[in-house]
Amino acid sequence: MDSSNTEKKWDVKRDAKIFCNLSFGAIKRMILGGVIKEDDLVWHTGMSGYRNAGEQEELIPLFRTSGGNEAKKTDQEITRCKTCLPTGKILVVDDEPDMLELMLRVLAKKGYQSLGATNGPDGIRLNEQEQPDLIVLDLRMPGMDGIETLRHIRQKDAKVRVIILTGYGHPDTIRDAADLDVSEYLSKSFDNDALVRIIGEVLGRPWPSSGRQTGEQK
Amino acid sequence: MNTNLRKLFYVPILHAREASENKQGGEFNAGQSAVGEMWAGITAKIEELNLPWNKTRIYQDGLPVSGKEMEIVTRLAENGSLNHLLILNLLMQGAKLEGTENMDFLMREYDLLNILLMKQAGADMSAGDPGAKAEYQAKSRGLLAQRDEFIANRIKTTLQEGEVSLVFMGVMHRLDKILEKDFPISYVIYRIPFRSVGAIYNTALK
Chain R
1 MDSSNTEKKW DVKRDAKIFC NLSFGAIKRM ILGGVIKEDD LVWHTGMSGY
51 RNAGEQEELI PLFRTSGGNE AKKTDQEITR CKTCLPTGKI LVVDDEPDML
101 ELMLRVLAKK GYQSLGATNG PDGIRLNEQE QPDLIVLDLR MPGMDGIETL
151 RHIRQKDAKV RVIILTGYGH PDTIRDAADL DVSEYLSKSF DNDALVRIIG
201 EVLGRPWPSS GRQTGEQK
Chain S
1 MNTNLRKLFY VPILHAREAS ENKQGGEFNA GQSAVGEMWA GITAKIEELN
51 LPWNKTRIYQ DGLPVSGKEM EIVTRLAENG SLNHLLILNL LMQGAKLEGT
101 ENMDFLMREY DLLNILLMKQ AGADMSAGDP GAKAEYQAKS RGLLAQRDEF
151 IANRIKTTLQ EGEVSLVFMG VMHRLDKILE KDFPISYVIY RIPFRSVGAI
201 YNTALK
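Residue numbers (our numbering), protein chains in the order written: chain R, 1 to 218; chain S, 1 to 206.
One should not assume that every hint holds.
Far from chain R by the CB rule (all over 12 Å, computed), these chain S residues [claimed, not checked]:
1) L117
2) T158
3) H173
SDA-like mimics (lysine to any residue), calculated; alpha carbons at most 20 Å apart, straight line [to be verified]:
4) S:K181 <-> R:H170
5) S:K177 <-> R:A178
6) S:K45 <-> R:F190
7) R:K188 <-> S:F9
8) S:K45 <-> R:E128
9) S:K45 <-> R:Y168
10) S:K139 <-> R:A178
Partial chain S-side listing against chain R, Cβ under 10 Å, derived [unchecked claim]:
11) G41
12) D61
13) G62
Derived from the structure by calculation, the hints contain no laboratory data. For clarity, every value in this text was computed on a predicted model and none was experimentally measured. Using N, Cα and C, we set each Cβ at its ideal position, and we do this for glycine too.
My request is simple: use the sequences and hints to build the entire structure.
Following this line, the structure appears as structure tokens:
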């Protein structure tokens with residue numbers, strides 16, 4: 001790839017895999033040279049950045065595009081690329097489809113790999129299958145509610161981080177949440193930016209000494 | 001509408017070292033930021049309530065009935081406690097402050113915590129002392145129930161008809177379960193950042 005070609009428009013399908021295999025230094029030079037601009041390239045399922053295998057502690061800026069089916073296809077290729085690490089995989093469990101879709105869209109836009117479930121049993125199954133780094137869990141759901149869902153999840157998974165999001169905050173559920181080792185308990189008046197910031201705070205903390213880790217270190 | 005009804009607004013809170021260390025150390029970490037935001041959110045929600053401050057009594061977790069309630073709150077606010085700073089602001093708007101706790105119970109809680117901390121200090125740093133923590137939790141739980149009964153009685157006997165109470169209480173108290181039999185309760189909840197206050201919360205309350 002010619003980093004001097006400042007006219008080049010990045011295309012996920014065409015460029016992302018190549019992108020991923022570039023050295024950190026090469027990517028950095030392209031950023032500094034203005035070839036790659038923030039928001040140039042992204043894919044809608046949420047991968048948000050690239051790290052070189054030798055420099056895994058350093059995350060370079062995000063590249064974005066509008067997503068869509070073509071992007072998704074390339075995303076699958078990128079997921080296999082050993083030099084890529086996601087910033088985090090997040091499972092959202094909420095019975096309100098509109099709310100769920102909105103949160104998934106917001107998270108994907110911010111670069112997270114996001115998954116959704118509209119009920120507790122699906123949330124439990126997806127947690128086992130996908131091993132997310134964090135779960136955003138609605139408390140009030142028909143059938144199995146959020147606390148019951150989390151009790152099931154904790155029977156097999158003591159490590160996954162959990163943010164409770166509820167429109168019906170009550171000390172009973174706060175105490176339950178504390179017993180089930182949640183990271184945050186949020187009243188639903190939170191706007192999207194605040195939620196994303198808190199997710200970042202929760203994910204940005206040191207990982208437990210054993211158990212889950214992010215991305216390919218799992 | 002019965003204007004003589006005694007109303008209760010209940011604010012579950014997390015205890016943390018809050019801003020006092022930040023003021024001295026300069027560094028503002030994510031945990032302190034989360035606690036700060038928790039209090040900013042609580043403050044905003046309380047403002048939205050438009051309470052009649054001259055008819056509002058404030059009840060604060062850990063504040064002994066001692067005749068020195070105001071002095072204690074002022075001292076803690078000066079030391080950077082956002083919780084007590086908010087209370088001071090509400091008092092300036094006309095709210096009244098009530099002591100809530102039995103001093104003997106508080107001293108027993110203090111002793112239990114000290115014993116735990118001494119045992120933890122003597123144990124392996126990473127593992128802590130699970131036995132000491134379990135012993136503390138068992139004793140503290142019983143004591144907490146006694147404290148809650150005392151606080152509930154304080155509220156019932158000091159809150160007058162037509163007045164409003166604002167109760168700031170640690171999340172592991174079960175005071176709300178006692179009070180809900182006598183008062184209509186509204187909850188003021190914004191953000192409970194359990195992980196951000198981490199060790200303090202887990203040691204002291206869980």
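Structure-based check of each hint:
1. L117: L117 (chain S) is indeed farther than 12 Å from all Cβ atoms of chain R, at 21 Å.
2. T158: holds, 22 Å
3. H173: violated, 8 Å
4. S:K181 <-> R:H170: holds, 16 Å
5. S:K177 <-> R:A178: Satisfied, since the Cα-Cα distance of roughly 17 Å is no more than 20 Å.
6. S:K45 <-> R:F190: holds, 12 Å
7. R:K188 <-> S:F9: Status holds; Cα separation ~19 Å.
8. S:K45 <-> R:E128: violated, 38 Å
9. S:K45 <-> R:Y168: Holds, at roughly 15 Å.
10. S:K139 <-> R:A178: The hint holds at about 19 Å.
11. G41: At about 8 Å, which falls below the 10 Å cut-off, the nearest Cβ of chain R leaves the hint on G41 (chain S) intact, so it holds.
12. D61: Since chain R brings no Cβ nearer than about 13 Å to D61 (chain S), farther than 10 Å, the hint is violated.
13. G62: This hint is violated: G62 (chain S) lies away from chain R, its Cβ roughly 17 Å from the closest one there, beyond 10 Å.
In this structure, the earlier hints numbered 3, 8, 12 and 13 are contradicted, and the remaining ones agree with it.
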